[in-house]
Each structure stands twice: as C-alpha cells, then as structure tokens.
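Asker: Residue strings, one per chain:
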Amino acid sequence: MSARWHAHEGVRTWVALSPALLLVGVLFGGAVVMALLRSIGLLGIGEGGPSLAAYRQLVTDPGFARSLGLTLYVAVVSTSLSVVLGIGAALLLRRLGAGRRFATTMFQLNLPVPHVIGAVAILALVGQSGLLSRLGAQTGLLDEPAAFPAITFDPWAIAVILQYLWKEVPFIGIVALAILAAGGDDLEEAARTLGASAWQRLRHVTLPLLLPGVLSAAVIVFAFTFGTFEVPLLLGPSAPTVLPVLAHRRYTDVDLAARPEAMAISVVITVVVVLVVLLGAAGARRAIRGDAAVTEAGG
Amino acid sequence: MTVVTPAATDAARPAPRPATGGPGATSRPVALAVVLLLALLLLPFVPLVLASFAQGYFYPQVLPERWSLRAWQVVLAPDGATWAALRDTVTIAVSVAVLSLVVAVPAGRVLGTRRFRGRRAVELVLLTPVLVPAIAVAIGLHVVLLRLGLAGGIPGVVLVHLVPATPYVVLLTAGVFANAELELEQQARSLGASWWQAQRHVTWRLVAPGLAVAGLFGFLVSWGQYVLTLVVGGGRVVTLPILLFATASGGDTAITAATALFHALPALVLLVLTSRILGGGALTTFGGAR
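So the protein lines, in turn, are chains A and B. Residue numbers in the first sequence follow my numbering, run continuously in steps of one, and reach 663 at the last position. Residue numbers in the second sequence follow my numbering, run continuously in steps of one, and reach 270 at the last position.
Only chain A is shown next, with the shape it has when bound in the complex:
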C-alpha cells in the first residue's frame, strides 16, 4: 500500500469516528465545562467576575464535610463488600455442575433492572413495615413496626448499601466469572499438579488472575455508588445526605445564589470520581504486570 493510501485511510478513520466523538465531546464536555465555569461564578445569572466564593462556602460548611464523608463511606463500603461477595459468588457458581448455566442467568437477573425499582423493592423488603419486619412480627419477635431496626433513612445508610450490593454483587460476580472462564482452569490445574493446596491456589493463582479485571469493575462500582442520586434520595438519610442529592437540592433551591454551590459540588463529585478512576487504572496496570510475573513463574 502506498503512503498516499495510508493518509487516505487515516482521514477516513477520523471521519468515521467524528460523529460519535462530537456527540460525546460536545454534550459531555459541554456539561463539565459549564459546571466548572458556573461554579466559579461565570456565565451565571449573578453579576461579577470569576470568584471562588462557592468553593469557600463549601469548605467552611460543616454540612458539606459531613456529606462528603457520608458519600465516601457509602461508596467505599459498597464497593469493598461488592468485590468480596461478588468474587465469592463467582467462585461458588463455577463449582456448580448441573444447572450452572441456569443459575448464572438467574444471577444476572438484577443487572438490567433500573435502580429506582431496586430502591422501591429494597424499601418494601427492609423498611420498618416491610416484609422482613412483618415476618418478625408473625414469628413473635417484634410487636410493632418501630421495633424493627431502622435501616432505612438511617445515618449509616444501610438500606442504600444493601440496594447497591443487590445490584453490584452480580456485576462483579459476572466479571469474575468471565475472567475465570477465559483461563482460570488451566492455571489452577497446573498449580494443583504442582502440589498447591486449595488456599495456595486461591491466594497465588486465582486472586492475582482476577485482580486487574475486578479492579476495573470495582472502579465502575465506586464511580456509580459515589454518584447515584435516586437510591439515596429514596432510601438514605436526609441530614447529612450524599453529595449528589445535596447538589440537586442546592440546584433547585429557590435562592438562585445557591446555584454556583450546586455546580461546585458537582465539580467535586467529578474530581473525586476521576481521581479514583486514575488510581484504579494505575492499579490495574500494576496488577497486570504482577499477573504476568505470576503466569511466567507458573508456566
């Protein structure tokens, strides 16, 4: 192929990519840039030049710090538990002989169900007059709804975390199953032949194999559990509330002066997520290198 043909190919490549890149770039890039500009007081309804007033307000507001803390706590706990339980579920499912395919399909059933439905369902299950509370009353353990532990709208956001687990354990589990199906058996078999115990195989073969892929999936789960709005709105505590709900509250405040603050909160949410994504990407790269070392040592 001639150089001219190559140049032509290059142009065609970018022409083909441009509609998608333009759509995502203009809409998404526009959203981020607008939030950033308005958070520093530009393009807003108020007058005046750029200012960091909104950020100063956030830093001095103890309510914001508590919200940030709650949001980080919910995201870290949900992500960690999803990873542990998801890997556990995957290891369990692949030990299934007959019916594994059916069980795996059922395991994924929650994945396409919208989050609002999940939140409504969790409320009906663990709310104070929910199904579990009713079962408690029927068996004589409780005598009234108030006796059921308050895990909805509670300061520890337990129902919110339960809703995330309900959705994200299958997600991590399916990712782990996919990785294991792609090559876990041969390595484990080799380790077994070399005399590795079940624990050694898990610790030195299976988990290192899972690490890069599961880490990427965990980043997605973190981004999601850090940024979701409707689940904590329906199930979570109201003061302090999580950052997405706080941002929306400020945005819809009758006092228009609160809008730059809403934008600033949304910038903070974006920055935290981007930082975690970068950390996760770096971690996944290191894990892949470590994994390659394991594979080399094993093979």
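Heads up, some of the hints might be wrong.
Partial list, computed: chain A residues near chain B (C-beta under 7 Å) [as the list claims (entries may be wrong)]:
{"no.": "1", "residue": "L387"}
{"no.": "2", "residue": "V388"}
{"no.": "3", "residue": "A429"}
{"no.": "4", "residue": "G433"}
{"no.": "5", "residue": "L456"}
{"no.": "6", "residue": "G461"}
{"no.": "7", "residue": "I486"}
{"no.": "8", "residue": "L499"}
{"no.": "9", "residue": "P519"}
Which chain B residues stay away from chain A? Per the calculated CB distances, all over 12 Å, these [what the hints assert, rightly or not]:
{"no.": "10", "residue": "Q53"}
{"no.": "11", "residue": "L56"}
{"no.": "12", "residue": "S170"}
{"no.": "13", "residue": "W176"}
One side only, chain A facing chain B, incomplete, derived with CB under 7 Å [to be verified]:
{"no.": "14", "residue": "L381"}
{"no.": "15", "residue": "V390"}
{"no.": "16", "residue": "L391"}
{"no.": "17", "residue": "A395"}
{"no.": "18", "residue": "F428"}
{"no.": "19", "residue": "A453"}
{"no.": "20", "residue": "P478"}
{"no.": "21", "residue": "R498"}
{"no.": "22", "residue": "Q502"}
{"no.": "23", "residue": "P509"}
{"no.": "24", "residue": "A510"}
I should point out that these hints are in silico values taken from the structure, not numbers from a laboratory. Glycine included, each C-beta is placed from N, C-alpha and C at the ideal position.
With the hints as your guide, set chain B onto chain A.
Answerer: Just chain B, lined up with the frame of chain A:
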C-alpha cells in the same frame, strides 16, 4: 481503564469444560449456597409481588388477607398515567437507541477493525461519560439546554440520555465488528459483488444481530434513567422512572408495587431475548449500563 469490554463479554461465553471437582458433580453445600445466593438476590421482588395483589395490606400481614387486582387495574387503566409514561419512555428510549447506533456504526467499525494512532485516547474520551455521575451531567447541561429552548421537552431528554448511552453502544458495536468475519466481504467483492451488494448481503447479515443487541443496550440505558430526565425534563417529561418515584413518594404501596413491576418487566423480557441472541454470558455489560 477498561469498562467491561466486548472482549470480556466474549470470554463470558460458556466454555465447554468439566466443573471443578468432577464433571456434573455438585456437592450439597455448594448447591445450597447457590440457592441461598439466588434467593437473596430475588427476595426484594417478593414484597412487590405480594403488595401489588393485596387489598389493604396492613401490618403485620405477610400474605395479604384479601387479594385484589385493584392496583393492576389502576396501573393498566387505558387512560391512566402509566400508558402515557410508557409512551414517553419508549419514544425517548427508541430515539436514543437509533441515534446512538447511527453514530456508533461508523465509529464501531473503525474501532473494531483498525489499528491507528490515538486509538486509546478515543476509547478514553468515549468511556469517561460512563464514569462521571449523571447528576453532574444533568445540572451542567441543563443551563445550556434551557438557553437553547430544549429543556422541559422530549428532544432535550433524548440529547442528555445520549451521553451515557452512546459510549456503551459504540463499544458494543466495536465488539460486533471485531468478531464479524469481515473477510467474507472481501471475498464477495472478489467474486464480483458491488460494494453495495457486499454491504447489503454479506456485512449487514454478519453484524445485524449484534447491532440489534447494541441498540437494545442503548434502549435500556435510557429506559432506566432518572436524574437526567428529572433535571432536564423539569417535571414536564414524565417517564416510567419519574412516575414510579412520584408514586413511591405518594404512599399507595399496592400501586407503587404494580408500577415498579410494570417498569421492570420489559427489561427482563429484553434480557431473556438478548441472552437468546448472544448466549448466556453476553449480558455482562448490563452491569455497566446505567
């Protein structure tokens, strides 16, 4: 950074291999643990089903003392809010699926079949919107859409739904083209088919099922959106998630439960259809599809 890519999806296809610990053999504790796991995951649907068929579902009834179809009659009433919400939800979701496919097919073909400089940067740009929370996108774009006169209507909602949907559809489309045996297109050309004939009779047949699934993902991403619709629709665009949330805040548990199940059903039906087309493991991407 890798979101669950089509490659991972492929890996999820069930490989013919014996189960660890002997072919077909499952120990009783493992089977019990799996049953318990699945029961826990499905448990939240139980109170919804019970409540939706109950009449006066008072505490501490577990099974309703009186069964009733009242909630379903209200929810499914021909002139009720559900059908109007369904119409708007479907209009928006179909538009999102079609528009995202239109931009995804050329991009996905390039990403799936060619190596070029800047490829990783393109993937990164396309993936970021998946990770940045919808609330940030919603309040950032709302201002722009207000000025363009697009806030508070279906076109504006379609535009913002494209932000989370397009990346998934592009990535899935790239996977479809990467896995298609496009050499057949060259063979058809060398056997004398015109470019158009080769596209229509060969390439299209190879990629159509995969593209249908990619479009389905776009549809589902839009189908479940809440906060983007809430902010940009400004209360004037009432999709099923918006209606469900309003109903849930309203207090009639039976109607809330029936609305929730009505909203969940199409997603589950589409899930089954998809697994028929692509095989059991191909659903991984749903986990990312928010």
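Asker: For every hint, state whether the structure bears it out.
Answerer: Structure-based check of each hint:
1. L387: holds (5 Å)
2. V388: Cβ of V388 (chain A) sits 6 Å from chain B, so the hint holds.
3. A429: Given a least distance of 19 Å, the restraint on A429 (chain A) is violated.
4. G433: violated (18 Å)
5. L456: With a closest approach of 5 Å, the L456 (chain A) hint holds.
6. G461: holds (4 Å)
7. I486: Where the cut-off is 7 Å and the nearest Cβ of chain B is about 5 Å from I486 (chain A), the hint holds.
8. L499: holds (6 Å)
9. P519: violated (21 Å)
10. Q53: holds (20 Å)
11. L56: About 17 Å separates L56 (chain B) from the closest Cβ of chain A, which puts it past 12 Å; holds.
12. S170: holds (17 Å)
13. W176: W176 (chain B) clear of chain A: closest Cβ-Cβ about 17 Å, beyond 12 Å.
14. L381: Holds - the Cβ of L381 (chain A) comes within 7 Å of chain B, reaching about 5 Å at its closest.
15. V390: Hint on V390 (chain A): violated, closest Cβ of chain B at ~10 Å, above 7 Å.
16. L391: holds (5 Å)
17. A395: holds (3 Å)
18. F428: violated (15 Å)
19. A453: Holds: closest Cβ of chain B sits about 6 Å from A453 (chain A), inside 7 Å.
20. P478: Nearest chain B Cβ about 3 Å off; hint holds.
21. R498: At about 5 Å, which falls below the 7 Å cut-off, the nearest Cβ of chain B leaves the hint on R498 (chain A) intact, so it holds.
22. Q502: holds (5 Å)
23. P509: holds (6 Å)
24. A510: violated (11 Å)
Of the numbered hints listed earlier, those contradicted by the structure are 3, 4, 9, 15, 18, 24.
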